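Participant: Residue numbers (the UniProt record's numbering), protein chains in the order written: chain A, 1 to 281; chain B, 1 to 312.
Think of the hints as simulated: they come from the structure by calculation, not from any bench. The structure presented is a predicted model; accordingly, all values stated were derived computationally and were not measured.
Below, simulated EDC-like cross-link-like pairs (lysine to aspartate or glutamate); rule was C-alpha separation at most 20 Å, straight line:
#1 B:302 <-> B:244
#2 A:169 <-> B:11
#3 A:104 <-> B:7
Covered stretches of chain A (in silico footprint by chain B; criterion: 3 or more residues with CB under 8 Å from a CB of chain B, positions within the stretch not fixed):
#4 16 to 28
#5 31 to 38
#6 91 to 104
#7 207 to 220
#8 242 to 253
#9 263 to 271
Pairwise CB distance ranges (calculated):
#10 A:10 <-> B:174: 35 to 41 Å
#11 A:173 <-> B:17: 18 to 24 Å
#12 A:112 <-> B:114: 34 to 40 Å
#13 A:6 <-> B:79: 55 to 61 Å
#14 A:112 <-> B:303: 15 to 21 Å
For every residue, glycine included, the Cβ atom is placed at its ideal position computed from N, Cα and C.
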Amino acid sequence: MNLSTQRLLGNIGLYTLVVLISLFCLFPFYFAIVTSLKQGTELFSTSLWPDAPTLKNYISLFTVPEQPFGRHIFNSLGVSFLVVVASLLLGVTAAYALGRIQFKGRGLLLLCVLAVSMFPQVAVLSGMFELMQTIGFYNHWWGLTLPYMIFTLPFTVWVLTTFVRDLPKELEEAAIMDGCTPWGIITKVFLPVMWPALVTTGLLAFIAAWNEFLFALTFVLNNTDRTVPVSISLISGADKYEIPWGKIMAASVLVTLPLIVLVLAFQRKIVGGLTSGAVKG
Amino acid sequence: MTNPKSELTRERTRSAWLFLAPTLVVLALVAGWPLGRTIWFSFTDASLDSIGDSTYKLVGLSNYFGEYGVFNFAAPEGFWQTDWGMAIQNTFKFSLVSVVLETVLGVVFALVLNAEFKGRALVRAAVLVPWAIPTIVSAKMWAWIMHDQFGVLNAMLRSAGIIDHNIAWTADPAYALWSVVLVDVWKTTPFMALLTLAALQMLPRDCYEAAHVDGIHPVKVFFKVTLPLIWPALMVAVIFRLLDALRVFDIIYVMTSNSVATISMSGFVRREIVDNNYVGYGSAASTVLFLIIGACTLLYLKLSRVDLGGKK
Numbered sequence: 001m002n003l004s005t006q007r008l009l010g011n012i013g014l015y016t017l018v019v020l021i022s023l024f025c026l027f028p029f030y031f032a033i034v035t036s037l038k039q040g041t042e043l044f045s046t047s048l049w050p051d052a053p054t055l056k057n058y059i060s061l062f063t064v065p066e067q068p069f070g071r072h073i074f075n076s077l078g079v080s081f082l083v084v085v086a087s088l089l090l091g092v093t094a095a096y097a098l099g100r101i102q103f104k105g106r107g108l109l110l111l112c113v114l115a116v117s118m119f120p121q122v123a124v125l126s127g128m129f130e131l132m133q134t135i136g137f138y139n140h141w142w143g144l145t146l147p148y149m150i151f152t153l154p155f156t157v158w159v160l161t162t163f164v165r166d167l168p169k170e171l172e173e174a175a176i177m178d179g180c181t182p183w184g185i186i187t188k189v190f191l192p193v194m195w196p197a198l199v200t201t202g203l204l205a206f207i208a209a210w211n212e213f214l215f216a217l218t219f220v221l222n223n224t225d226r227t228v229p230v231s232i233s234l235i236s237g238a239d240k241y242e243i244p245w246g247k248i249m250a251a252s253v254l255v256t257l258p259l260i261v262l263v264l265a266f267q268r269k270i271v272g273g274l275t276s277g278a279v280k281g
Numbered sequence: 001m002t003n004p005k006s007e008l009t010r011e012r013t014r015s016a017w018l019f020l021a022p023t024l025v026v027l028a029l030v031a032g033w034p035l036g037r038t039i040w041f042s043f044t045d046a047s048l049d050s051i052g053d054s055t056y057k058l059v060g061l062s063n064y065f066g067e068y069g070v071f072n073f074a075a076p077e078g079f080w081q082t083d084w085g086m087a088i089q090n091t092f093k094f095s096l097v098s099v100v101l102e103t104v105l106g107v108v109f110a111l112v113l114n115a116e117f118k119g120r121a122l123v124r125a126a127v128l129v130p131w132a133i134p135t136i137v138s139a140k141m142w143a144w145i146m147h148d149q150f151g152v153l154n155a156m157l158r159s160a161g162i163i164d165h166n167i168a169w170t171a172d173p174a175y176a177l178w179s180v181v182l183v184d185v186w187k188t189t190p191f192m193a194l195l196t197l198a199a200l201q202m203l204p205r206d207c208y209e210a211a212h213v214d215g216i217h218p219v220k221v222f223f224k225v226t227l228p229l230i231w232p233a234l235m236v237a238v239i240f241r242l243l244d245a246l247r248v249f250d251i252i253y254v255m256t257s258n259s260v261a262t263i264s265m266s267g268f269v270r271r272e273i274v275d276n277n278y279v280g281y282g283s284a285a286s287t288v289l290f291l292i293i294g295a296c297t298l299l300y301l302k303l304s305r306v307d308l309g310g311k312k
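Using the sequences provided together with the hints, build the complete structure.
Facilitator: In structure tokens:
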């Protein structure tokens, strides 16, 4: 076998793998889109192409009053937005303190923050249930902001700390020379250069809050206050035996498309954020 | 000491604590306090109503051991056949198999994505799609693909002649757990691949050039050079994923509706607390899960040699 046939075989192997990987990753979502465009008996044929594409499934999502999907989207957007704002506000100051100031107990604090991010959510379930009821957050979509901080805040603090630590020292020293207060250093010196990190962590916190299921399922029983993941899990048909797969797939596509667009747009930053969150430490 | 430098240091320390205070308060409120209460409830006979008006009683360790405890070793059917025993087995089987599969697949994906080919950027984007899809949505999508009567998976396998009758992937106890593993692998392999790819891209190039010049077989280069070099990063990613897998809830809950054949430890805890209203008993189970994950966290911290001093 000469060198060029060897190379050709290698290329064929590589491209086969590439095609297989792409199919593996994309097919389920593609099939969900196809299903969401099918109606009636066509749903139960396993064809990979809708013969008579229709948007009826999408329309019915917003017209059945018992399952107010539009309202659920609003709730999810609202709580995710609140979570992002709260995490970033708290995260920026904490990250400055942890990343730029040497003080006793800093290592222990970082350790605690990291440990909280590893918490199994159910470990706080009964205690959080009591807390939510006591302070009146139970059964309100905005009340979910509080429990969601348990997974977004440690992550935000951690990634932002890594980012702040890598910024050049001179930036801060010059500001101190000019008599800048610590608060001034954060708002005038660090915030302007932190945008990339803020966008990444904000987006990841948004995705995490948008996808959360266990707390949303447990702490909100009120139908109008549900978030979209719970809403999708509860979509039901006219009777117990008829599961409206077309409608479920339509809802799935709707809540996923914006995320995919966001993730693809911020690809590089997200990969960077994930790596510094998980591996670099 | 009254020199200006130490004055500055003192002031910076003060402001550090001031800046940290809000975050620490919130973390104590959302993590510390509820965890403490959960552990407290695990020693009581609390129910969802009695935690409201504090009418529950202390019951000692009976939620943990004895006839009504999570560790009922004297159960007539045997401990491993109790629901909690099943939940432990399911969670560990699920975690081990899915993490091993997605690590192997993730490394393969990363090696392919690290190669040069046309359209590489597009494929890298495609790999991110499963990761971007909400867990609940992937569970529903796959539940439909694996539907016993109308699912496309059965249809494909049948037309390929691999099976001759439809399989109830999520309902048949023989397949249910492995179906869930498949969905988890689909969803999280991209994450593993990206972390591995990041490690691959930091490798020194000269080793490879030397190996190429010496005509060493690529497979040998992978096992002798690449794998040892990316091993530390890979192990950290593995434990990170393992911690995630051990708390699995959504996928299993949505795909197999909490059937005992596939119930996870998290699913068991939620069922006992919310559906059965055994807050004390469920809290005991969740405390056990917390201890297991805590032990794995310590392992993670040790392995990743987290740079706590901030000295880079």
